Amino acid sequence: MNTVKEFALQQTKAQQKSNLAQRHLIENIAFGVLWAAGAVAVLVLIAVVAYVLSEGAQVIDWEFLTTRPKGGLSGEGGMSTTIVATFYLVVLTIIIAAPLGIGAGIYLVEYAGEMQGSSGLQATVVSIIRFGVETLAGVPSIIFGLFGYALFVTTMGFGFSMISAALAGACLVLPVIIRTTEEALLTVPRSYREGSLALGTTQWQTIWKVVLPAALPGVITGIILSVGRIISETAVFYVTLGGSYHMPPSPIFHPKEFLSSGGRTMALHLYYLANDTAAFDKAMGTGAVLVISIVLINLAINYFTNRIDKKLRGL
Amino acid sequence: MTGSAILKTNGFNLYYGSFKALEDINIDIPENQVTAIIGPSGCGKSTFLRTFNRMNDLIPNVKVEGKIKMADQDIFDMDVVELRRRIGMVFQRPNPFPKSIFDNVTYGPRANGLRDRAKLEEIAERSLRGAAIWDEVKDDLNKSGLALSGGQQQRLCIARALAVEPEVILMDEPASALDPIATLRIEELIRSLKEQYTIVIVTHNMQQAARVSDYTAFFYTDESRTGILVEFALTKEIFTNPKDKRTEDYITGRFG
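Line by line, the protein sequences give chains H and W. Quick note on numbering that gives the first Met the number 0: the first sequence kicks off at 0 and runs consecutively. Quick note on numbering that gives the first Met the number 0: the second sequence kicks off at 0 and runs consecutively.
Same shape as in the complex, but just chain W (with noise of 0.2 Å):
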């Protein structure tokens, strides 16, 4: 593996109540690349992926045993509002709140106290260019997040996670609700992206997966409904030569 890994897992399990959806899973997430995790529906990518900000903490009864670490310091021992300015996330569905589009980029710099209107244009010109929308909206910052494309949204979205200099996106699915052409901009800026930052993806879209990552985590659910991590391994190798047998299957089509 190139690069130092800057998220550690290890021997990470995950519980609904009694229920165990994610068990023994042991992966290191390398930093500056795009990892994309795979894997048929209720196999716990998303569960997984929800894990690293701890968002998972809004859920009743989720218990969680094992350790991940960022930078030899565990998350769960962190400040979770501290961890969720380090560590940005992309939803499913675009969420811009019901603000200009000015507000809802400057919202993470001004929640942590910064006032200055000169800083926060400049962040707001740096997010937005940073995530390929601002030529189309620079002429009308004050326009509600809310009147913009479903494309344009998510990119607003990747704006605003970008505005609090986090040091990983986590991105849910992130192109799932748009059209094939949104969907190749997000996919064209998530590979300009991993320049700065480190990305995880979950998606449902094989060909994505292989168009955008460097590394690829294959997640897999039997019949017990029990996450597991199948294989993980460079992108290439995943879609070419997989270890696994289930790996194989799943990306030849045969299921999922």
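Chain H on its own, in the form it takes in the complex (with noise of 0.2 Å):
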């Protein structure tokens, strides 16, 4: 009985330990495939990045960035005038945005979300603008630009302007804008808000006074992450932006002619150079400024979640 009992026993731990070898084969196997995935997806991002900067550093100079585009079939010329668009159209875009995307935000989460405890129909209404917001944010940006054409630039009679464009942008980013915001209420502990109604506040002071400080970089995030969006979209603006290459007169001094002017973003510019002149340095050249912008961008967005973090563990 005993010896049976013993064999048994050996015969499993045989079988563990072959069974171990094979384990650690597999293992192996799926480290190796997951890395190899890891290293081609970084290579392929570094070397488009690289060779758009190398490209580009080849044109990029002081001059180049502070003279004006020449026009013409050239290309000849800097990209001073599309710097400047590009920062005046990032402004007044994040202006007319930002305040109905992080009011609607609040809206959802605090006045008719789960903090707030709605039930029955308007959790249904909330759910539906949810799904609408949700989906806004995946329609191909094209798409906004139509409506942006039809609506601002025809029918309210704006023409290619920047106020057009700003207004098709504001579309364009009220969806991330939205939902960065939803997600960094969502990230502050109900218990600060139930400390503080706990006090006798009313539910503004609390969201005023907890809830935003509280999710204040989050919702910075998402503004810095529509500035990225603004500064890389095409299709929006080409339709409602134009393509003049002049300088924007100035927002402060002429605000009237500068809202109804036309203009060119970096990455207008870029299009254009690369469809309708053989100035491919140069495009690379705009290119890189681009990239070099967006990387910054993104510096930002960690340092803003990094705060975030530090902020709800009271460091």
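Rather than coming from a laboratory, the hints here were simulated on the basis of the structure. As the structure is a computational prediction, the values presented were derived from the model and not from experiment. We put the CB at the ideal spot given by N, CA and C, even for glycine. Take the hints with a grain of salt, since some may be wrong.
As the list claims (entries may be wrong) - Calculated pairs, DSSO-like style, for lysine-lysine (alpha carbon to alpha carbon, straight line, at most 30 Å): (1) 235/W to 193/W; (2) 142/W to 19/W; (3) 69/H to 208/H; (4) 66/W to 208/H; (5) 62/W to 19/W; (6) 142/W to 309/H; (7) 7/W to 62/W; (8) 68/W to 142/W; (9) 242/W to 193/W; (10) 118/W to 193/W; (11) 208/H to 19/W; (12) 309/H to 137/W; (13) 208/H to 7/W; (14) 19/W to 7/W; (15) 235/W to 62/W.
What the hints assert, rightly or not - Footprint (simulated), chain H over chain W, 3 or more residues, beta carbon under 8 Å: (16) 48-57; (17) 94-102; (18) 209-217.
Both chains are sitting in their own frames, so use the hints and assemble them into the complex.
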């Protein structure tokens, strides 16, 4: 009896041993495959960025950054006006989109959403809105462009202009801002809200004094993300901003002229250069400036994401 | 019963949707005393506590029946913001805001519109002293409230509640997330606070109820999961001479 038992025990031990070798083998294969996938993905990205930067570096100098494009088929001149136009358009679009998007996000989470314990009809409406926002975030940007063209450029008569482009751009980034605002608010612990309300504060005081400050880094991340979206967008602005490479009028001294002036962002400039001119090197130079801008923006996002962590841990 | 009742509950029922969580609760909370609410998990004692400052308003589908009066005013007719100013709350997990100690304590008075810096400083000191944490934090009121230890955070939250000068302080298992020494300090604090405040404390810990409270309410639930009030009496009575068999079983540790 005893020997039978021992024998059985030895058998299982032997089985386990052979099985262990097999499991190690599978582990190594899985690790190898995943490592290769990761390496290829990173290498491709690095190759793209390195190519654009090295090609661009040949034309980027102070003069390229500070002279205007000369226009025409040769693509001569620099890119100064496009940097300025991009900056103006980004600021104008964010001024329009941020209050709307942040406000909508606050409403959805704090007043209509799970934090308020709503139910029934309101909950259904909120989930429909949320579905709509998520769908809009996935719509191709040219759709927003066509919408902007139909509504702002033609129907409302704004023409190809900063204001048309900013309004259409705001439509494009609104879903981004709403969603990041919602996510930032949802990371704020419920106990903060309860703690504040239990002291006899109104809901708005709770939101303004406790919830928003705690969520601010996340909200700012959403804004910065939108800035990146606007900088790299071409389709929307192609059909709403026109392509004028002239310097836009000053928004402070000539606000009216500024709003109705057309313009050309860096991404649009890149598109025109690559499509209509032979100045491929300058297209690369513009592309390099764009890539550097986006990298800087992502660094900024990292910074703010770290801040929100630290803030919530009390550092 | 000595003294007068500050909160009077009459025929109170509470529902989550169609589920009856509390049935026919009748209890008078005596003023300037510590009242402990004990009972097994899921008997609705925390839910009942959160009724007094209407924190249950934040939960969907909660419906209440019956009356709860504070100084002859029905709390369900009162402005909820004013009600919560008068009935403070300390939560199970310390929940200081991600702000400085000073900003945590003065948060309530500021929300009520007080701007005078000198007055705010006075309130901060008085409240922090009242919560027995002043000596530990007085040198660095600008430190984040989150940088304190768990026990200190909880006392900061008590100070924050004291700063708006409530009449009643509700405590929802205030020491359950703390170590024994921090727990002891909170218990000492509770005993000293009853000079000025009425305290209602929910606790899982029967020794704690026996140590800190003057009155004890025993809540109970059976298979129906509907919570009922079995017995409410002087703490001494409850622990030495319970009238109900279920109370006796619970306090002698036969279940729960």
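Right, here's what the structure says about each hint:
1. 235/W to 193/W: Measuring from Cα to Cα gives roughly 17 Å; hence the hint holds.
2. 142/W to 19/W: 45 Å, violated
3. 69/H to 208/H: Measuring from Cα to Cα gives roughly 52 Å; hence the hint is violated.
4. 66/W to 208/H: 33 Å, violated
5. 62/W to 19/W: 9 Å, holds
6. 142/W to 309/H: Satisfied, since the Cα-Cα distance of roughly 14 Å is no more than 30 Å.
7. 7/W to 62/W: 19 Å, holds
8. 68/W to 142/W: Judged against 30 Å, a Cα distance of about 40 Å means the pair is violated.
9. 242/W to 193/W: Distance of about 27 Å is within 30 Å: holds.
10. 118/W to 193/W: 24 Å, holds
11. 208/H to 19/W: 36 Å, violated
12. 309/H to 137/W: 24 Å, holds
13. 208/H to 7/W: Not OK: residue 208/H and residue 7/W at ~34 Å, beyond 30 Å, violated.
14. 19/W to 7/W: Judged against 30 Å, a Cα distance of about 21 Å means the pair holds.
15. 235/W to 62/W: 34 Å, violated
16. 48-57: holds (count 4)
17. 94-102: holds (count 5)
18. 209-217: Not satisfied, violated; 0 residues make the cut.
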